[in-house]
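Those sequence lines, one after another, are chains Y and U. Read in the working numbering, the first sequence has 58 at position 58, and its numbers run on one by one without any break. The number in the working numbering is simply the position in the second sequence, starting from 1, with 115 added.
Simulated from the structure, these hints should not be mistaken for laboratory data. We put the beta carbon where it would ideally sit given N, CA and C, even for glycine. Check before you lean on any hint, since a few could be wrong.
[What the hints assert, rightly or not] Heads up, incomplete: computed chain Y residues facing chain U, CB under 10 Å, no partners named:
1) H10
2) V13
3) Q45
[To be verified] Pairs of lysine to aspartate or glutamate residues, derived as DMTMM-like cross-links and limited to a Cα-Cα distance of at most 20 Å, are as follows:
4) Y:K49 - Y:E64
5) U:K172 - Y:E88
6) Y:K68 - Y:D85
7) Y:K69 - Y:D95
8) U:K172 - U:E190
9) Y:K49 - U:E190
10) Y:K69 - Y:E88
11) Y:K58 - U:E190
12) Y:K49 - Y:E15
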Amino acid sequence: AQSVTQLGSHVSVSEGALVLLRCNYSSSVPPYLFWYVQYPNQGLQLLLKYTTGATLVKGINGFEAEFKKSETSFHLTKPSAHMSDAAEYFCAVSDRGTSYDKVIFGPGTSLSVIP
Amino acid sequence: KAGVTQTPRYLIKTRGQQVTLSCSPISGHRSVSWYQQTPGQGLQFLFEYFSETQRNKGNFPGRFSGRQFSNSRSEMNVSTLELGDSALYLCASSLHRDRGPYNEQFFGPGTRLTVL
């Protein structure tokens, strides 16, 4: 069965430092890949998604992610962290052509930004 | 355009009681999905409704049920509450039912249910 792992349940970075949140999936066939962000007391918001084509995907708020088939990874990065980036981040995958019940969410990574 | 709204935002119930949560999707959206979020299990899919019909269901017991009305508003019900039902319940709406990733889901802020 499809699975998603996110290395590090909690990541701390200094303001202005690089943000790197890791995501690996288990499918042998490239799935659709998503990153969501959840701010305190809010629902999930889509940051970016990979469907097909260019493997470097740009999202909102300066985030981007690169799909690497050989590594089955879809790591999320941002060159310079802001205090407002402190939130929970979820990687999600879905097999092509399937429904929302097959969208698998990772366990999440809590990002703290230190002033 | 207003986002997905969920009511109530917070609920405290005791074991054995039942609870009903409400979700109003974005205007024009016809698909509503429900998720349970807990620290231990993460985000888990409960069910999806489209045109007043349940289209998909996750791996939850029959105590969890839902429905969708003709205006696309949805409710979920949990009967005979257990301590383990304490969670954030998220509702998400999307425009269509097509399965492509271009049919983005928009999430509400959730209802925080505490079972004592």
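Next item on the list: With a cut-off of 20 Å on the C-alpha distance, tell me whether K172 of chain U and E190 of chain U pass.
Entry: holds, 15 Å
Check: Hey, K49 of chain Y versus E190 of chain U, does the alpha-carbon distance stay inside 20 Å?
Finding: violated, 29 Å
Item checked: Pair hint outcome, K69 of chain Y versus D95 of chain Y [Cα-Cα no greater than 20 Å] -> OK: K69 of chain Y and D95 of chain Y at ~14 Å, within 20 Å.
Next item on the list: Sort out whether E88 of chain Y lies within 20 Å of K172 of chain U, counting only the CA atoms.
Entry: violated, 26 Å
Margin query: Run the distance test for K49 of chain Y versus E64 of chain Y: straight-line Cα separation, threshold 20 Å.
Written below: The hint holds at about 9 Å.
Notebook entry, point to check: Between K68 of chain Y and D85 of chain Y, does the CA-CA distance stay at or below 20 Å?
Noted result: Roughly 24 Å separates the two Cα atoms, so the pair is violated.
Next item on the list: Starting from K69 of chain Y, check that the Cα of E88 of chain Y is at most 20 Å away, please.
Entry: Not OK: K69 of chain Y and E88 of chain Y at ~25 Å, beyond 20 Å, violated.
Checklist line | Hint status (Cβ of H10 of chain Y to nearest Cβ of chain U, threshold 10 Å) | finding: Interface hint status for H10 of chain Y: violated (12 Å vs cutoff 10 Å).
Note to self: Check the hint pairing K58 of chain Y with E190 of chain U against an upper bound of 20 Å on the C-alpha distance.
What the structure shows: violated, 35 Å
Notebook entry, point to check: Does the nearest C-beta of chain U fall within a distance shorter than 10 Å of the C-beta of V13 of chain Y?
Noted result: This interface hint is violated because 22 Å lies over the 10 Å limit.
Notebook entry, point to check: Do the numbers back the hint for Q45 of chain Y, that is, is its least Cβ distance to chain U under 10 Å?
Noted result: Result: holds, 7 Å to nearest chain U Cβ.
Margin query: Hinted pair, alpha-carbon criterion (20 Å max): K49 of chain Y, E15 of chain Y. Please report holds or violated.
Written below: violated, 25 Å
Checked against the numbered hints given earlier, this structure breaks hints 1, 2, 5, 6, 9, 10, 11 and 12; the rest are met.
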